[in-house]
Amino acid sequence: MTTTRISRSSHTLMSRLSSLALAALIALGNVQAQQTGGSFCITSLCVNALVEGDSVTYQLKSTMGFNDLGWMAIGFGNGMIGSPMVITWPNQDGTITISQRQATAHAMPQVVPNPPQVATLAWQNSILATNDTTIAFSMPLPESPLNAVNMIYAYSGTRPSSSPDAVLQKHLQSGTFVMDLTRPQAALPTGSYTPTSYVPTRTYSRSATPTSSPGQSQSQFDDPPLTSDERKLVTHGILMSLAFLVLLPIGALIPRYTRTVPALQNKWFTAHWIVQFLISSPLIFAGWALAYQHVGKSGRKHFEDPHQKAGLALLVLYLVQIVFGAIIHFFKPGAKPLASKSAEDKDADSTSKTHTGMASSQAIKSSVLARPVQNYLHAIAGLSIIGLAFWNVRYGIKHEWTTYTGRSWTSDLNRANKWWLAWVIIVPILYALGLALLPRQWHQEAARRSGGVPSGSSGTNLVKINSQNPHTRESTEVKGV
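Note that our numbering numbers the sequence shown so that position 459 is 987, with each residue one more than the last.
Bear in mind the hints are in silico, worked out from the structure with no lab data behind them. Treat each hint with caution, since some may be false.
To be verified - Below, a list of computed lysine-lysine pairs in the BS3-like style, where the Cα atoms sit at most 30 Å apart:
no. : residue 1 : residue 2
1   : Lys926    : Lys760
2   : Lys926    : Lys825
3   : Lys795    : Lys837
4   : Lys829    : Lys926
5   : Lys795    : Lys946
6   : Lys837    : Lys825
7   : Lys825    : Lys760
8   : Lys760    : Lys829
The task is simple: from the sequences and hints, build the whole structure.
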């Protein structure tokens, strides 16, 4: 009887222990399954993050091997200036340096001796190998919402000394990204504690009080040669500036200056569409494609800042304007005749200079009203596109290039800025001077409609124009502004 009770008690105890063990395993599995974090990758760098309680472990993995990597960094913010940064690099003796810095300009960030959030090296997740380099560190949870942490990144191929306040060579690439730390995230890869031929020891140093002056550090933070991707961005800027700020304004000035020249009255439109479409469109499409490809390759989202949004708007507006212009040219309403004058007005025209002036004003007014409204809309849209392009090029020079690449303001950018300032004054002046020819244009169009000979035109030209049907004549008289 006693044996039976002991056996039953043992069986009940074992069952309870098994249930508890199973529950513990399930709970552990749930905890692992509930781990959250985020990741971001570009061609040569990946940033993985894992939330662990009240801290986050960030793991930076570069495809550059131990001997090729200079330094790599992440920061918290929307740009280089003012964002707390964690810059890290491996040293030849196997140590790892973590340097917490902050920049007040587009110059070398300076060491922050006592950062409010300290980065601590995570040895177990740091892997120094021949083919790639991985360094991990933990920090307190960011103060911003975990589902949208604004971050920056950068890396260089030139390794500094082991000191946390060492002089840094300019990065090869940099950029911004937004990390969502609320997504499910697997455990971070771990490394072996067995030293390799490249890593004889396992110690690390952290930020110390800087020993070099800010002026000395910044002067040595020189820009390296442009990378292949950065050269593509330069090409993008040149193509778009040439198309939108040079060719399109020239195409708009052609009708303004040639419509009143008798020898060019029937030829201006050919030159207009060749410049606006045949020459400009390949440059616009090529420049736009270079930028779009670069943004996708860098891992950033498309159309996330004002410059990119304006670029998309310019492309759409340009295509609409081309189609709109073709419709205006090939599908025209019939020509509107000038308002007929009374017999009294005709008598007055022949006897009074004052009445002659009034009749001339009436003819100009009729010529203006005879022009279809879509012609004016086409001109206004074209000028608006050029105006937006001027703003966007300026934004690219002043903000986009330095923010996106992290490079400092150079003499080349200064020359480009001066060119922009001069051109933004010259183009409106040239167009305003062309508008002074509008009264002459209106006089000529009024004379054609009334059957008279416009000033500067020959009788032969008049016969040719009058022999055309109203639709054909309208294409010569009122198309374009």
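Status of the hints after comparison with the structure:
At most 30 Å may separate the alpha-carbon atoms for a hinted pair to count; lysine 926 and lysine 760 meet this at roughly 18 Å. Restraint check for lysine 926 and lysine 825: satisfied, since their Cα atoms lie roughly 23 Å apart, inside the 30 Å limit. Only pairs whose Cα atoms come within 30 Å are accepted, and lysine 795 paired with lysine 837 is rejected, the gap being roughly 37 Å. Between lysine 829 and lysine 926 the alpha-carbon distance is near 21 Å, which keeps this suggested pair within the 30 Å criterion.
Under the criterion of a C-alpha separation no larger than 30 Å, the hint pairing lysine 795 with lysine 946 is inconsistent with the structure, at around 35 Å. As the CA atoms of lysine 837 and lysine 825 are separated by approximately 18 Å, the hinted pair is consistent with the 30 Å bound. Using a Cα cut-off of 30 Å, the hinted pair lysine 825 and lysine 760 holds, with the two alpha carbons roughly 12 Å apart. With a C-alpha separation of about 18 Å, the suggested pairing of lysine 760 with lysine 829 holds against the 30 Å cut-off.
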